[in-house]
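Asker: In order, the protein sequence lines correspond to chains F and R. The numbering of the first sequence is our numbering, which starts it at 1 and goes up by one. The numbering of the second sequence is our numbering, which starts it at 1001 and goes up by one.
Be careful, since some hints might not be right.
[Unchecked claim] Derived DSS-like pairs: lysine-lysine, alpha-carbon spacing no greater than 25 angstroms straight-line:
(1) F:LYS134 / R:LYS1162
(2) F:LYS117 / R:LYS1214
(3) F:LYS212 / R:LYS1035
(4) F:LYS134 / R:LYS1079
(5) R:LYS1162 / F:LYS69
If you are wondering where the hints come from, they were derived from the structure by calculation, not from laboratory data.
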Amino acid sequence: MEIIEFNKVSFSYGETNVLDGLTFTVKKGEFVAFLGHNGTGKTTALKIMLGFLKPEKGSLKLFSQESFKEWEKIGYVQQSFENFDTNFPANVFEVASMGLLAKLNPLQKMTLEQKQKVHDALKLVGMEQFEKRKIGELSGGQQQRVFLARALATNAELLLLDEPTTGVDHTSQEKFYELLKELNEKGKTILLISHDLGMILNRVDRVLVLNKKIVFDGKPKEFTKESFVEITEKV
Amino acid sequence: MVLELLQYDFMQKALLAGVFITLICGILGVFLVLKRLSLIGDGISHIAFGGIAAGIFFNLNPFFSAIAASIASAFAIEKLREKTRVYSDASIGIVFSTVLSIGVVLISLANGFNSDLHSFLFGNIISVTDLDLVMAASLGIIVLAVLLFYRRQLMYACFDEKSAQSAGINVSRLNLLLILLTAIAVSISIRIVGVLLVSSFLIIPPASALQIAKSFNKALIYSVLFGLISLITGLIASFYFDIASGGAIILSSAILFFAAATGKKLIK
Ligand SMILES: Nc1ncnc2c1ncn2[C@@H]1O[C@H](COP(=O)(O)OP(=O)(O)OP(=O)(O)O)[C@@H](O)[C@H]1O
Ligand SMILES: [Mg+2]
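Given these sequences and hints, build the entire structure.
Answerer: This is the structure in structure tokens:
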């Protein structure tokens, strides 16, 4: 089953054309690396999927639906947290619960099971001992892990991750990608934007390289750093 | 001393109405401050003043004209924010000033600066009527219920609009809701806190709470507590020293703010 389908999507910010006839599909259960140099439109494509931006031309489907609304199926971690107020009064547990709570009817209390899910997600990213800590009092890498936990705590079937490990140290990154691999093996579909080729190529099933449109689509084996330079410079 | 004060009927009403106002302003204010909408309260109070002036001029109940004007302005603000991307703050400012100046003109056409107006500007505990109390209580309960109902979505949207949106939260509807609730909160707070200082009551107790709170629920609780302490000390001072209640309440909340800020520095 197709989870993501882009059909000749074009997009420009004012005069600057960023996506030009972008077409690709992602199937259920795939673990896809979404690569490309800075400014090639990766984040923009993600924002279009999430409905923050509307395509100028072309169309897209999520979970085979034209006007997709079941946002609980999507877990999203955005590229470095620019607008984050470090004085925001929320502790780690509260932040990690936000995604789950947004989907509850406001009169419902969090069930024990849901609380457990948040604890488990925090444990997965190695942040369980910080649950009561104020979010602004963590290091950047630790904050990023909490945002990951927030996406993991929901029942998301599709994870859209935009450079989720920015600021996370090398060992933790390895652990994190290993975790993604496990989640993928349990059935989650993952689209991962990243520049850490060395760590992700041996774990993903498929590589997409973007430069306004897809310029490479293949197995990680067929893809080398040399070819990356070649592919992206050809355009 | 406090018990002695409570013998007075007007004091009971002022205190009771004050508690409702404090609950609403304390909780609503946390969201406004976090959403960087602190100054909306200020703008709406200008509009409410225009409404009060129109009420006095046309001999209507100023409370109702104030609340009507504020709610209308809440919709106008959202429309302007949507329509005029550039300089939306300037256009909103222009609307506020226009309504305020109409108010000033109406007031001077009526018999100038009457005592009723004085109490609207600065707050006056003796002026709290039964109707004011009933309105503060009933609207207060509605506002509180709505805030509690949407608290999680509001918290998420205040923390991070984009992720909240990706979780299916309708952020622009929440923004309109916040502004509407602010309009109601301002209107029912005017009797006690006064037009000039009502927006401070929406900002200072929450800002003090944000100095020290480490979790969201605590921020809400501290904000209400700071508000209640300011309210009670302000009402007592207003009674004994015969000063405007608005000034007394906001002054105590400002003192608490500096205490919280200093306390936080000392702990660090
Ligand atoms: N809000 C915006 N307004 C105008 N131009 C923008 C905006 N956001 C991005 N751009 C431009 O669009 C292009 C694509 O940006 P995008 O963020 O999608 O790139 P990216 O592939 O995610 O890059 P990176 O690897 O640096 O994150 C860039 O040239 C950028 O300058
Ligand atoms: Mg990007």
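Asker: Return the numbers of the hints above that this structure violates; sort them in rising order.
Answerer: 3, 4
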